[in-house]
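The listed protein sequences correspond, in order, to chains A and B.
For the first sequence, the working numbering gives the first residue as 9, with consecutive numbering after it.
For the second sequence, the working numbering gives the first residue as 9, with consecutive numbering after it.
Read the hints as simulated data drawn from the structure, not as lab findings.
As the structure is a computational prediction, the values presented were derived from the model and not from experiment.
C-beta atoms are modelled at their ideal positions from N, C-alpha and C, and glycine is treated no differently.
Residues on chain A that point at chain B, a partial pick, calculated with CB under 8 Å:
#	residue
1	Pro20
2	His162
3	Ser169
4	Ile188
5	Arg194
6	Met338
These are the residues of each chain, in order.
Number of protein chains: 2
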Amino acid sequence: MAKVLCVLYDDPVDGYPDSYARHELPRIDHYPGGQTVPTPESIDFEPGQLLGSVSGELRLREYLERNGHELVVTSDKDGPDSVFERELVDADVVISQPFWPAYLTAERISKAKNLKLAITAGIGSDHVDLQAAIDNDLTVAEVTYSNSISVSEHTVMMILSLVRNYLPSHDVVRSGGWNIADCVSRSYDVEGMHVGSVAAGRIGAAVLRRLKPFDVHLHYFDRVRLPEEVERELGVTWHLTVEEMVAVCDVVTIHCPLHPETENMFDEALIGKMKRGSYIVNTARAKIVDRDAVVAALESGQLAGYAGDVWFPQPPPEDHPWRTMPHEGMTPHISGSSLSAQARYAAGTREILECFFEGRPIRDDYLIVQGGDLAGAGAHSYSRGKAE
Amino acid sequence: MAKVLCVLYDDPVDGYPDSYARHELPRIDHYPGGQTVPTPESIDFEPGQLLGSVSGELRLREYLERNGHELVVTSDKDGPDSVFERELVDADVVISQPFWPAYLTAERISKAKNLKLAITAGIGSDHVDLQAAIDNDLTVAEVTYSNSISVSEHTVMMILSLVRNYLPSHDVVRSGGWNIADCVSRSYDVEGMHVGSVAAGRIGAAVLRRLKPFDVHLHYFDRVRLPEEVERELGVTWHLTVEEMVAVCDVVTIHCPLHPETENMFDEALIGKMKRGSYIVNTARAKIVDRDAVVAALESGQLAGYAGDVWFPQPPPEDHPWRTMPHEGMTPHISGSSLSAQARYAAGTREILECFFEGRPIRDDYLIVQGGDLAGAGAHSYSRGKAE
Numbered sequence: 009m010a011k012v013l014c015v016l017y018d019d020p021v022d023g024y025p026d027s028y029a030r031h032e033l034p035r036i037d038h039y040p041g042g043q044t045v046p047t048p049e050s051i052d053f054e055p056g057q058l059l060g061s062v063s064g065e066l067r068l069r070e071y072l073e074r075n076g077h078e079l080v081v082t083s084d085k086d087g088p089d090s091v092f093e094r095e096l097v098d099a100d101v102v103i104s105q106p107f108w109p110a111y112l113t114a115e116r117i118s119k120a121k122n123l124k125l126a127i128t129a130g131i132g133s134d135h136v137d138l139q140a141a142i143d144n145d146l147t148v149a150e151v152t153y154s155n156s157i158s159v160s161e162h163t164v165m166m167i168l169s170l171v172r173n174y175l176p177s178h179d180v181v182r183s184g185g186w187n188i189a190d191c192v193s194r195s196y197d198v199e200g201m202h203v204g205s206v207a208a209g210r211i212g213a214a215v216l217r218r219l220k221p222f223d224v225h226l227h228y229f230d231r232v233r234l235p236e237e238v239e240r241e242l243g244v245t246w247h248l249t250v251e252e253m254v255a256v257c258d259v260v261t262i263h264c265p266l267h268p269e270t271e272n273m274f275d276e277a278l279i280g281k282m283k284r285g286s287y288i289v290n291t292a293r294a295k296i297v298d299r300d301a302v303v304a305a306l307e308s309g310q311l312a313g314y315a316g317d318v319w320f321p322q323p324p325p326e327d328h329p330w331r332t333m334p335h336e337g338m339t340p341h342i343s344g345s346s347l348s349a350q351a352r353y354a355a356g357t358r359e360i361l362e363c364f365f366e367g368r369p370i371r372d373d374y375l376i377v378q379g380g381d382l383a384g385a386g387a388h389s390y391s392r393g394k395a396e
Numbered sequence: 009m010a011k012v013l014c015v016l017y018d019d020p021v022d023g024y025p026d027s028y029a030r031h032e033l034p035r036i037d038h039y040p041g042g043q044t045v046p047t048p049e050s051i052d053f054e055p056g057q058l059l060g061s062v063s064g065e066l067r068l069r070e071y072l073e074r075n076g077h078e079l080v081v082t083s084d085k086d087g088p089d090s091v092f093e094r095e096l097v098d099a100d101v102v103i104s105q106p107f108w109p110a111y112l113t114a115e116r117i118s119k120a121k122n123l124k125l126a127i128t129a130g131i132g133s134d135h136v137d138l139q140a141a142i143d144n145d146l147t148v149a150e151v152t153y154s155n156s157i158s159v160s161e162h163t164v165m166m167i168l169s170l171v172r173n174y175l176p177s178h179d180v181v182r183s184g185g186w187n188i189a190d191c192v193s194r195s196y197d198v199e200g201m202h203v204g205s206v207a208a209g210r211i212g213a214a215v216l217r218r219l220k221p222f223d224v225h226l227h228y229f230d231r232v233r234l235p236e237e238v239e240r241e242l243g244v245t246w247h248l249t250v251e252e253m254v255a256v257c258d259v260v261t262i263h264c265p266l267h268p269e270t271e272n273m274f275d276e277a278l279i280g281k282m283k284r285g286s287y288i289v290n291t292a293r294a295k296i297v298d299r300d301a302v303v304a305a306l307e308s309g310q311l312a313g314y315a316g317d318v319w320f321p322q323p324p325p326e327d328h329p330w331r332t333m334p335h336e337g338m339t340p341h342i343s344g345s346s347l348s349a350q351a352r353y354a355a356g357t358r359e360i361l362e363c364f365f366e367g368r369p370i371r372d373d374y375l376i377v378q379g380g381d382l383a384g385a386g387a388h389s390y391s392r393g394k395a396e
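Go ahead and model the full structure; you've got the sequences and the hints to work with.
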C-alpha cells in the first residue's frame with residue numbers, strides 16, 4: 009500500500025462548472041513526430057472535464073483506492089504548516105503541477121523518507137531540486153509533450169496580441185470608448201518582423217512552425233541544432249549565442265527549461281542588447297528573466313511589451329510588479345492547462361502510476377531523473393545542480 | 009482646383025504620440041500573389057507614424073495644397089450639422105475609412121453635386137451606397153490588399169484568444185487573483201478543431217494559410233472556388249452552402265464583404281445550425297451578423313465566444329450590447345489600421361489621388377465603381393443594390 013500525495017490548484021470560485029463551454033474535445037492520437045499520446049490501461053474521466061483542480065483529483069482516486077493505495081489531494085502547499093509539508097513525511101509518491109507547484113526542495117526531500125517517485129502532471133520539473141532527487145535516488149517523471157502544443161498556441165496568441173495591442177484595445181470598447189487612435193498608435197503587424205526562439209525543442213519548434221506562414225523571419229538559439237531539413241523547411245536561422253540572436257529580433261520568445269545555465273538569462277545586460285521596442289514572450293519559466301529588469305525595460309521603452317504565463321513564486325503576491333507593469337499581457341500559468349491538455353496529462357499521470365505500481369518501466373520520454381542520474385528526456389533538457 | 013474632404017478618426021486622448029513603441033517598420037514590397045504595395049510618386053511621411061487620425065491627415069496636405077487643391081479634414085461625420093454634411097455639398101473628392109466611416113448615403117450623394125471620387129482609405133466600401141454611386145457616375149476606389157494581412161493576423165489572434173480564454177485570464181492576474189481553475193474551465197486548444205471561413209478572398213485565404221500549421225481541419229464557403237492546388241496545399245474543404253459548413257465547424261470566421269446577399273447572414277436560424285459551443289470571429293462587417301442573435305447565443309451557451317472588430321454603427325453607442333455581453337473579445341475596428349497598415353493605405357490613397365488629378369487610370373485592383381457600374385475589384389466582391 010502506497011500513499012500518493014497530489015497537490016493541485018483550487019477549484020473555481022463559483023464552484024465546479026455545471027456545464028462546460030463545449031461538449032467534446034477533438035481526438036488527438038499522436039504528437040508531431042509520432043510519439044503517441046498517453047496510453048494508460050484505462051481512465052476514469054471524459055476528456056473535456058476539469059481534472060487539474062482539487063475536486064478534479066486528476067480522477068485518480070478510484071484507481072488508487074481500488075488497488076489499496078491512499079490518495080491525499082490538497083492545494084495547501086506553502087509554509088511549514090501546510091498539508092503538503094505535513095503529508096509529505098510518509099508519502100511514497102508526490103504529484104504536482106507547474107501551474108501550482110509544490111516546491112520539492114532538498115530539505116523536503118530529505119524529510120520524505122518513503123518518497124520514491126515525483127510526477128509532474130504537465131511538463132517542467134524545475135520545482136523539484138533535481139540534484140537532491142539524484143542524490144536521494146528518486147525517480148522524477150513528467151508527461152512529456154502532453155501540453156507542448158497548448159503552450160505553443162498560447163505563445164503565438166501572446167505574440168500577436170502584444171504586437172497588435174489587443175488587450176488595451178479590448179479595454180477601450182469594454183469601458184464604453186471608441187478612441188481608435190489610442191489603440192492603433194501602438195499596434196503593428198507581425199508580418200516582416202524577425203522572431204527568435206530561445207531553444208527549439210518541442211514547444212519552440214512548434215511555435216516556429218506556426219509562425220512561418222505569417223511571413224516573418226525566423227531565428228533560434230539552442231545548444232542542439234535542428235535537423236538541416238527542418239531548418240530549411242522553416243527558413244529559420246540558427247544563432248550560436250543568445251546575444252547574437254536577440255540583437256536582430258523584434259520579438260523573442262522563450263522556450264528553454266529553467267536550470268542553472270538559463271536562470272536569469274534575460275537580465276538588464278541581455279535586454280539592453282535587444283532592439284529598442286522589442287517584445288518578449290515567456291511561457292517557459294519566470295526565473296529565466298530578471299523580474300525587475302523587465303519592468304524597467306517596459307517603463308523605459310526598451311521593451312514595447314512583455315507577455316508571459318509564468319511567475320515566481322506561484323501564486324505570486326498580490327503586489328507582484330508584473331500584475332501592473334505597462335504593456336503586459338500576462339496570464340496565471342494556464343497555457344499548459346487547457347481542458348485539452350488536462351485530458352492528456354491526467355492520462356499520462358495515470359500511465360506513469362500504472363507503470364510504477366506494476367513494476368513496468370516508465371516511458372523513457374517521461375523520465376527526468378532515475379537511478380541516481382538525469383535520465384530520458386531529462387538528460388536532454390536539464391543540467392545538474394539547482395537553479396536558485 | 010478641387011476640394012478634398014477627408015473624414016478620419018480622432019486623435020489620441022493624450023495627444024499625438026511623442027514617441028512610438030518602435031523605430032521602424034519591416035519593409036514589405038509585395039503582397040502574396042505578387043501585387044505591389046502602393047506606388048505613389050512620393051509620400052510625405054515616415055512609415056510607422058500615426059497617419060489615420062485627424063492630425064495625421066494621411067499626410068496629404070502638403071501634396072494637395074502644392075497642387076492648388078483644398079483639403080478639409082474632420083472627424084465630425086454624423087448628423088445634419090456635422091462638418092462632413094456641411095462640407096460635402098461642394099466637395100470633389102471624399103476620403104473616408106471603414107474604422108470611422110462617413111456614411112455616403114444616396115441622399116448625401118444626391119446633394120454633393122461636385123462629387124466625382126470616393127476613396128476608402130482601407131478596404132471595404134459598404135459605407136458608400138454603391139447603387140447610388142453607380143447611378144450618379146461616381147468613381148469608388150479602395151486600397152485593395154493594403155490591410156488584408158493585418159486583418160488576417162487579427163483574426164488568428166482572436167480565434168486563439170477566444171478558444172484559449174485569454175482575456176478573462178488576463179483579468180484574473182491584473183486584478184490580483186490566481187484562480188487558475190476559473191481560467192482554464194473554459195480554455196481549449198485549437199489543435200484538431202474544425203475552422204471554417206465564410207469567403208476565401210485575400211483575407212480569408214490568408215487566415216486559412218496561417219491556421220494550417222495549427223493542425224486544424226480547414227473549411228471554407230465561397231461563391232468562387234479556390235484554385236485546386238491551393239485547396240490541396242491547405243487541405244481545405246469547400247462547402248456549397250454556409251449552412252453545411254457551419255454545421256461541422258467549431259470556429260467560424262467571417263471574411264465576406266457586406267452587401268445585400270451577406271447582410272444578416274448569421275441570424276438566429278444559422279447560428280442555431282452551428283455546433284453547440286462554437287465560436288464566431290467577425291473582422292468583416294457587423295451587419296453580416298444579427299446583433300441580438302449573437303448576444304442571445306452567448307447567453308444560452310449556443311456560442312462559446314464571439315470576437316469581432318466591427319460594429320454598427322461606428323462608433324457604437326455606449327450601451328451597445330456587444331460591449332458587455334459574455335465571452336466577447338471585441339476591439340474597436342482597429343484590425344486594418346495598425347501603423348503598418350496605415351503606411352500602406354496612406355500611400356495607396358496618395359496613389360489614387362495622383363492618378364485622379366493627373367488623369368491617369370486608377371489601378372483596376374483599387375476600383376469598386378467606375379463608369380456607372382461595378383468595376384475592377386468591386387465586380388468580384390460586391391453586388392448591386394444597397395445593404396440596409
